[in-house]
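S.K.: Going line by line, the protein sequences match chains R and D.
Taking my numbering, the leading residue of the first sequence gets 1, the next gets one more, and so forth.
Taking my numbering, the leading residue of the second sequence gets 1, the next gets one more, and so forth.
No wet-lab data here; the hints were simulated from the structure.
Please read all numbers here as calculations on a predicted model, not as lab measurements.
Watch out, some of these pointers could steer you wrong.
Below, a list of computed lysine-lysine pairs in the DSSO-like style, where the Cα atoms sit at most 27 Å apart [claimed, not checked]:
(1) 320(D) to 69(R)
(2) 69(R) to 317(D)
(3) 320(D) to 110(R)
(4) 65(R) to 320(D)
(5) 320(D) to 95(R)
(6) 69(D) to 100(D)
(7) 320(D) to 13(R)
(8) 69(D) to 92(D)
(9) 159(D) to 108(D)
(10) 320(D) to 74(R)
(11) 13(R) to 317(D)
Label pairs and their in silico Cβ distance ranges [stated by the list, open to error]:
(12) 316(D) to 13(R): 22 to 30 Å
(13) 202(D) to 5(R): 49 to 57 Å
(14) 66(R) to 16(D): 27 to 35 Å
Where a beta carbon is used, it is the ideal one built from N, C-alpha and C, also for glycine.
The lines below spell out each chain.
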Amino acid sequence: MIRFDSVSKSYPKQNRPALRDVSLDIAKGEFVFLVGSSGSGKSTFLRLVLREERASHGQVHVLGKDLAKLSNWKVPHMRRQLGTVFQDFRLLPNKTVAENVAFAQEVIGKPRGEIRKAVPQVLELVGLGGKEGRMPGELSGGEQQRVAIARAFVNRPALLIADEPTGNLDPQTSVGIMKLLDRINRTGTTVIMATHDQQIVDQMRKRVIELEQGRLVRDQSRGVYGYQH
Amino acid sequence: MRAQFVMSEIGVGLRRNLTMTFAVIISVALSLALFGGSLLMRDQVSAMKGYWYDKVNVSIYLCNEADAKDSADAKGGQAGAAGGGGGAVCSKGAVTAEQKKSIETDLKAMDLVDSVHYESSDEAYKHYKERFGHTALASVITPDQMPDSFRVKLKQPEKYKVITSSFAGRDGVQSVEDQHNQLDNLFGMLSALNWAALGIMLIMLVVALLLIVNTVRVSAFSRRRETGIMRLVGASSFYIQVPFIMEAAFAGLIGAVVACGMLGVGQYFVIDHGVALRAKMELINFIGWDSVLTKLPLVLAIGVLMPSLAAFIALRKYLKV
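Isolated chain D, as found in the complex (with noise of 0.2 Å):
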């Protein structure tokens, strides 16, 4: 294979096609920067999922005395509204020491359950003073009306659920708390943004194969008269397609690197710095530029395999060799 010969049909063939090759390679670029963008989502996703879930507790609240005091009104005021508040769940009182001792061993038995730890009501307030004692509401608050709670903490955070089913609604539970839902809700929002990105990038594919496959039909039409020769003098098929194959490689390729650069850009821009989401949300752990570059092979990759792809299939259609 004479390489130099290769090369200089391709650089030919591509020059012929400029607008066309332009197009593919916008069109190559943007679908893989949208494709490159929702392998990222997914990263941070899992990695806000990790975070989070690692520190969510299920918390178990215990009813108090102005738990109780809340629920017997209640019950005195509108008969019918239990289970509409939570004062209602206590109207058998605060919780007894019983009850603690008997929630206790039965989270402990859980295989679930990786630690339990009790709060009580001083330590709460403690902490609340803690986290909140600048503001207004917290200089009203006394001991008293935090609740005792035991923190859990599970083995497989994912599955929560189990908890709250199992102690939700027991006597002298106020309630049964994990953070999860709020985190789900997130979660299930960045994953339609994630499908959305997916759709859309499927939708450029479409067309930047199309683009290929049109492409490939003018260039090999434009070529007709070298490819005939080849074809008489005993070239081989391979030999004949290699050039157009190429052409889309390289177009694809320099796609990809377009593409590459973008997921560059937007993690120093958006994440990094300019817009700096990491600095400006603490609380958030970002992806970093690790999960960029594992990234960036796999989107080189199919930028180059993707349209030679679609042009061999091309040429079995629009070349005879």
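Here chain R stands alone, though its shape is the one from the complex (with noise of 0.2 Å):
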């Protein structure tokens, strides 16, 4: 699903990398939390995996394509198959629930009649059945998460990249987002998802990867926020 080869990724005017010679292999269905302090790569490594950067040293596979590559007019094509969920939502305050799910089916040119099953068919996966009608803004943090997975989620994606989605939730709210990521990996998506979140990544037990100061410091199954052992 994912492969780095020694992937090292510098940017301009900076003289640290930003990742540094990272190697790993994240395999279809699996679940993995990418973890480190601010500045440690994480969003970099996100990054290249959407292709909204290329890697300066080393190769990014991203379901089964070498990105460097992959033309420019390809990446449309190929982030269709990833599904992305933030920290801050990122939904169109002037549209409803229904129209943010839609947007996502709308802009890649999918048949109307597929986008009216779709939808509904997503936001009752979500927990949001019946809300179809409101304003982001009338929902609650949690809720508008929700709204965001479900537009991230609508195209089926292979791979579901979701960069601290509980960063600006309280812990209880954040447990009902875990479980619904959990049930769309269980659909045999593969979910990434960057977090700070020590008390959800103990909880789940799950594949954990840990970068520091761009180096992959720890790639550990069925692993804890903190060394532990």
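Given two chains presented individually in distinct reference frames, assemble the corresponding complex, making use of the accompanying hints.
M.R.: In structure tokens, the structure reads:
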């Protein structure tokens, strides 16, 4: 699903590379936590997977494709197989819940009939059945994140990337979001989640990848947030 | 491509930048109206050229007794004034029959000459009376004051200068005259006007393009949330850019339609009705509606394509896709 072969990434005008010689494999259907302090390279890692950036050295394979060899005009098609969720939800405030989710299908040219069927289905899945017509501003943070997850998942991506999805939510709401992500993972979707939330990582007992100053310092299946062994 | 979705996005975009859109429409309309106007002006000039050049003959006026006498007087009076006026040219006396014959033979031998018509002084007098018989001057004119002349019709009217250079100053020739000189002055003025219009058009065009670039920049900024999400869910760059380009194209189209309207109104009020130049200046043949109508598709096409291109180029700078 994802393979990094001694990947380094440096940004221009910065002495220290954001990623240094990172190699790892993530198989289909895995649930992976990406942990590390701010500036450890988590965001760069995710941006490389999304091909927002290109690796300076090494190879990044996503969904069996070498991203360095992927021409620019093919990138949108690659991204259609990825879903993305952010800490700040990134919903469109002037569209309803259903319209926000439908937007992700409209802009890739899905037929109207398919959209009409898929949107209520995915809203039901994330637990927002009956709230199709609400505006994002009327919803709680947890509900807004559910809308964002619905939008990321409505095109049935093979890989879901979540960048601190619980960062703005209280612990109780976060548990709900994690249950939802776990359910999505059980449908066969690979999930990569960058997080600072120690409690969640410790509870879920999934694979943990830790970055420190751009280096891969830990890759542990059924791991916890910090070193405990 | 969901047409309805795209249309609603365009509508939102245009309304959000209403003032900017308005400025784009006006500047596009003005520059295209000037562009169309200058195209029409060129049509008008070439129509007039064709009309007049065909009508105009080169006239070779021959010396008559009166010219010879004037010339002799001039010589007696001021010796140094040779060549100063028509009089001095005919110092060798009135044209002789041999001179006439040799001029005619030479004319007919030239490839350029289509036909030569000899107009005697009596005929010239008759024509003059027909045209100006009612004026005071006509009543004192006598046939022997009118010169004999050759009226030369040319195959290529624009090469009239060849005739002038080969016959002016020849014995028995009083003057070679063609009306092209006066026409050329007029046409020169019209073409200067045309260049001025094109210059203003260029400035307006630059203004229009800058406005479009700025509109796209503002538009891209205010829609960055949408475009960001579109990028993430894998919308093609074409799909992301189309609403911006369509906005510019739509504003350009409205501007072009306004420009077409201005051209039509110009033709209607200046030439056909209203100012009604066609009725007032019968000697000029004016361009018709066919000329105007053939320019409109070009104006419309430029009105749509130019802003689209400007928007496309601006997007490369202001919108990450």
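S.K.: Give a verdict on every hint.
M.R.: Here's how the hints hold up against the structure:
1. Of the pairs offered as hints, the one joining residue 320(D) and residue 69(R) holds, with about 20 Å between alpha carbons and a cut-off of 27 Å not exceeded.
2. With a C-alpha separation of about 24 Å, the suggested pairing of residue 69(R) with residue 317(D) holds against the 27 Å cut-off.
3. This hinted pair checks out: residue 320(D) and residue 110(R) have alpha carbons roughly 23 Å apart, not beyond 27 Å.
4. At roughly 23 Å between alpha-carbon atoms, residue 65(R) and residue 320(D) fall within 27 Å of each other, so this suggested pair holds.
5. At most 27 Å may separate the alpha-carbon atoms for a hinted pair to count; residue 320(D) and residue 95(R) meet this at roughly 23 Å.
6. In summary, the hint linking residue 69(D) to residue 100(D) is supported, as the alpha carbons are separated by about 19 Å, within the 27 Å threshold.
7. Taking the CA atoms of residue 320(D) and residue 13(R), the gap is near 21 Å; set against the 27 Å cutoff, the hint holds.
8. For the suggested pair residue 69(D) and residue 92(D), the alpha carbons sit about 10 Å apart, so the restraint of at most 27 Å is met.
9. Pair hint residue 159(D) plus residue 108(D) holds up; C-alpha atoms about 16 Å apart against a cutoff of 27 Å.
10. Straight-line distance between C-alpha atoms of residue 320(D) and residue 74(R) comes to about 15 Å, which keeps the hinted pair within the 27 Å bound.
11. Distance restraint check for residue 13(R) and residue 317(D): the Cα-Cα separation of roughly 21 Å lies within the 27 Å cut-off, and the hinted pair is therefore satisfied.
12. Take residue 316(D) and residue 13(R): their Cβ atoms lie about 23 Å apart, and the range 22 to 30 Å holds.
13. Checked against the given bound of 49 to 57 Å, the beta carbons of residue 202(D) and residue 5(R), roughly 55 Å apart, stay inside it.
14. Restraint check, residue 66(R) to residue 16(D): a C-beta distance of roughly 41 Å breaks the suggested window 27 to 35 Å.
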